[in-house]
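Could you slot chain B onto chain A? The hints should help.
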Amino acid sequence: MSSLVHKKKPFDIFGKATHGKVGMWFFLATDALAFAGFLIGYQLLRIRIADWPTPSEFLGIHLSAFATFLLICSSVTMVISLAWGETGNRAKMLKYLIFTALGGMVFLGIQVYEYQHLFHASGMSFSDFKYGPPQFASSFFLVTGFHGLHVFSGVVYLWIMIIQTARGKYDNGKINAVEICGLFWHFVDLVWILVFTFIYLL
Amino acid sequence: MITEKEAKKKIKKYLVIMVWLTVLTALEVGVVYVPMSYLLIATVLTLMACVKAAIVGWYYMHLNHESRWLQWASLSPLIVLIYVVALGFEAPTRKNSPYWSAPKRKVLKKKDTSSVAPIEKIIVVDKK
Chain A
1 MSSLVHKKKP FDIFGKATHG KVGMWFFLAT DALAFAGFLI GYQLLRIRIA DWPTPSEFLG
61 IHLSAFATFL LICSSVTMVI SLAWGETGNR AKMLKYLIFT ALGGMVFLGI QVYEYQHLFH
121 ASGMSFSDFK YGPPQFASSF FLVTGFHGLH VFSGVVYLWI MIIQTARGKY DNGKINAVEI
181 CGLFWHFVDL VWILVFTFIY LL
Chain B
1 MITEKEAKKK IKKYLVIMVW LTVLTALEVG VVYVPMSYLL IATVLTLMAC VKAAIVGWYY
61 MHLNHESRWL QWASLSPLIV LIYVVALGFE APTRKNSPYW SAPKRKVLKK KDTSSVAPIE
121 KIIVVDKK
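Taken in order, these protein sequences are the chains called A and B. Here the first sequence is numbered in this note's numbering, starting from 1 and rising by one per residue. Here the second sequence is numbered in this note's numbering, starting from 1 and rising by one per residue.
The shape of chain A in the complex, shown without the other chains (with noise of 0.2 Å):
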């Protein structure tokens, strides 16, 4: 009898999620926190100014829209991708994994037009911003250079797994560290409709 009662080991309330996930998410907990710090940080600018701009008539809404579908459709070719890879398909994953990676480098170089934009149309720099306070435009430049800095963190870690995937290393269909990978790509997409909302919309 007691041969059938199941001891919980500490991971078990995890359930089949493996270590490697359990700890990415609390990776990703924790990083979530370090943006929500940054944002806190923009908003109590925003409300110790007085003369704070409107961002949308600033910030190039429509192309950071297109930005933001980038990212979905990003995201949605990374979970395609595991799907194949759950199979077995090695070129179909391999060929979605380097469309998420090709729509993380877009994005990069979508970010980069946009700041050299907004250097030469608003004087927008670290230091100054031609219309108003320059705090907006270093709390802008803040947070979605933070942001930019994963989506190439995230586009290298993605260029990893590419090369380990057309090695053939996930051809058995063990795609975790993959599926590990892919959890940090969509916190990156998930973090970006959030700041999209908060400092580009609101």
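If you're looking for bench data, these hints aren't it; they were derived computationally from the structure. Please note: incorrect hints may appear among the correct ones.
[As the list claims (entries may be wrong)] Here are some of the chain B residues that sit facing chain A, going by a computed Cβ distance under 10 Å:
1. G57
2. R68
3. I79
Bear in mind that the values here come from a model prediction, so they are computed numbers and not experimental data. Even for Gly, the Cβ is constructed at its ideal location relative to N, Cα and C.
Positioned in the frame of chain A, the structure of chain B alone reads:
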């Protein structure tokens, strides 16, 4: 390992979700241009953003397949994110901008820098 048929079924679901996310993004951009009070715009946009983030977490990050504990653990940053949302609502109350009624569009003016002393003058004063 799963079969190709199962994978295709999953992919179909993912694409439907993507359409929803795209529609919500388009609506978000549209809402900004509707002449509503800031309070209303902020409420709608925050709700939409939360729904989108939840959809990504639930379906794409596969929280729907995880254990109850991991689902709750993933919500832990909400403790601080609630503060972000609250500040987002509070921000315009401290300014002159109309909070309860529809705002008028501001006319852009170049920042007046005539009253600010050039940096060379400040340095000279310091030397004396």
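| Evaluation of the interface hint that places I79 (chain B) against chain A, nearest CB under 10 Å | 8 Å, holds
| message | So, as I understand it, the hint says G57 (chain B) touches chain A; can you test that by seeing if any CB pair is closer than 10 Å? | response | 6 Å, holds
| query | Taking 10 Å as the limit, does the beta-carbon of R68 (chain B) come near enough to a beta-carbon in chain A? | reply | At 8 Å from the nearest chain A Cβ, R68 (chain B) passes the 10 Å test, so the hint holds.
Consistency with the previously given hints is maintained throughout, with no hint failing.
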